[in-house]
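**Student:** Sequence:
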Amino acid sequence: MLKRIFKTSFYSIVARFFITSGNLAVVYYISKNFDKASLGLYGIAFFFYQFFQSFSSMGMPIYIGKEIASSRESTKKTINVFHQFILANFYGLLSSFVILFIAIVFYHRLSVSLLVLAFIAGFLLGIERNLSGFLLGKERMNLESLANFIEFLLLFIPLFIIPNDFFKTIAAIFILRILSLIVGVLLRLYFLKDMLSFKGFEFKFKTFKEVKFYWFSGLSYLFFRQIDVFILSFFFAKALIGEYFLSIRIFFAVGILAEVVSLALTPFISRVYNDKEEISFEKFRNLIFSISLVIGVFLGGFLYVFREPLISFFNKSLIKACSPYLALLSIAIPFRFLIYILGSFMSSSKFQNVRLYLNIAWAFFFMIIVFIFVNIFSIKGAIYSKILTEFFLFITYFYFVFFRMRVKKQ
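If you read the sequence shown in my numbering, its first letter stands for residue 172, the second for the next number, and so on.
Straight-line C-alpha distance at most 30 Å; calculated DSSO-like pairs for lysine-lysine:
| hint | residue 1 | residue 2 |
| --- | --- | --- |
| 1 | Lys447 | Lys178 |
| 2 | Lys375 | Lys309 |
| 3 | Lys380 | Lys521 |
| 4 | Lys375 | Lys521 |
| 5 | Lys380 | Lys248 |
| 6 | Lys364 | Lys309 |
| 7 | Lys377 | Lys364 |
| 8 | Lys203 | Lys487 |
| 9 | Lys454 | Lys309 |
| 10 | Lys521 | Lys247 |
| 11 | Lys248 | Lys377 |
| 12 | Lys409 | Lys487 |
| 13 | Lys178 | Lys247 |
| 14 | Lys491 | Lys551 |
| 15 | Lys364 | Lys380 |
| 16 | Lys248 | Lys383 |
| 17 | Lys521 | Lys447 |
| 18 | Lys521 | Lys248 |
| 19 | Lys178 | Lys454 |
Now the in silico label distances, taken between C-beta atoms and shown as ranges:
| hint | residue 1 | residue 2 | range |
| --- | --- | --- | --- |
| 20 | Phe469 | Ile273 | 41 to 49 Å |
| 21 | Lys487 | Ser266 | 38 to 46 Å |
| 22 | Phe574 | Phe337 | 53 to 61 Å |
| 23 | Phe331 | Glu449 | 41 to 49 Å |
| 24 | Lys364 | Lys203 | 39 to 47 Å |
| 25 | Phe320 | Phe548 | 35 to 43 Å |
| 26 | Ser461 | Ser483 | 29 to 37 Å |
| 27 | Lys203 | Arg280 | 21 to 29 Å |
| 28 | Asp206 | Phe337 | 15 to 23 Å |
| 29 | Ser266 | Ala208 | 28 to 36 Å |
Calculated from the structure, these hints are not laboratory results. Glycine included, each C-beta is placed from N, C-alpha and C at the ideal position.
I would like the entire structure built from these sequences, with the hints used as guidance.
**Tutor:** Here is the structure:
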């Protein structure tokens, strides 16, 4: 099993590398060719892009990966999961339309056209992530890596290789994203063509009772990750938000390994928890946690030591502004790594509802203290809020996984 874990984790890392590289390539392009205000504008639009993705997909990737991993021997069951995926994205799309309308009416810091483009891109990303869940459950992350590589090329080549005057606005960059996402969705549908069956399809969302925990948990964690940029847009000029957004993107890029590894572990945790592997659940949990702790501490130190070279890669003029932000954020890296790993244990078993309740509670806590701390400490207040919330979220995750999951399972 360890060989399969390493193989899936390797391809998951490669796949996520291309996703992160694509996101950072866009940030790099904007940092070099636009001003700080444009970077801030992109940061706000990026929040909506991620929000619409999470909302329209209903947080299905982990659920799909878990279900396919535990029932991939049954063609009937895997096709049923595909039907539920279609329904999830359909109802998620309808719900997202409502959110889009509210944003257009009440939020005027982005143009209507940019909100609509963020909506389209987010919906396509939601479909793509859900399809990735099928490849994860089938342990075919090599195909996921290939699809992400092609999408990365479709972003990178037009921006940096082919001379053009088209990509001079944030809207044009989102159009490029949409085109690359369309290709990514079509590729994954091709890879999963053996599951594309509509035989016996029913417009009944049978799994919503379970899926809702993944959906709301994903949304609450998205708020925790990115709501700060949205909140700051009400307090500060876009130039200051641009500095903060760059710092946060570097922070997420360094910590992305946690998200990748935790996702790669989904099918294995599911199988171990359901006694389909030889290793015991407790032994597997302790091993993964110990390795994750070492990696998390290492990555936190890496971010602290190399923060200025990382900033200078994007824009040397932002070192003075962003370096103090990243010095503080490096403290949160170990907590972030362990949160993802521990959360994967809850999501891959039967305790996604607990993860949901914890995420909602700490997301509300985060939103409240961001407002308070920003008024006291300016933009640094958002970073203090993030560190504090990461720490408390880790403590509650750790307590449940180590002291409650074992009891409940018995």
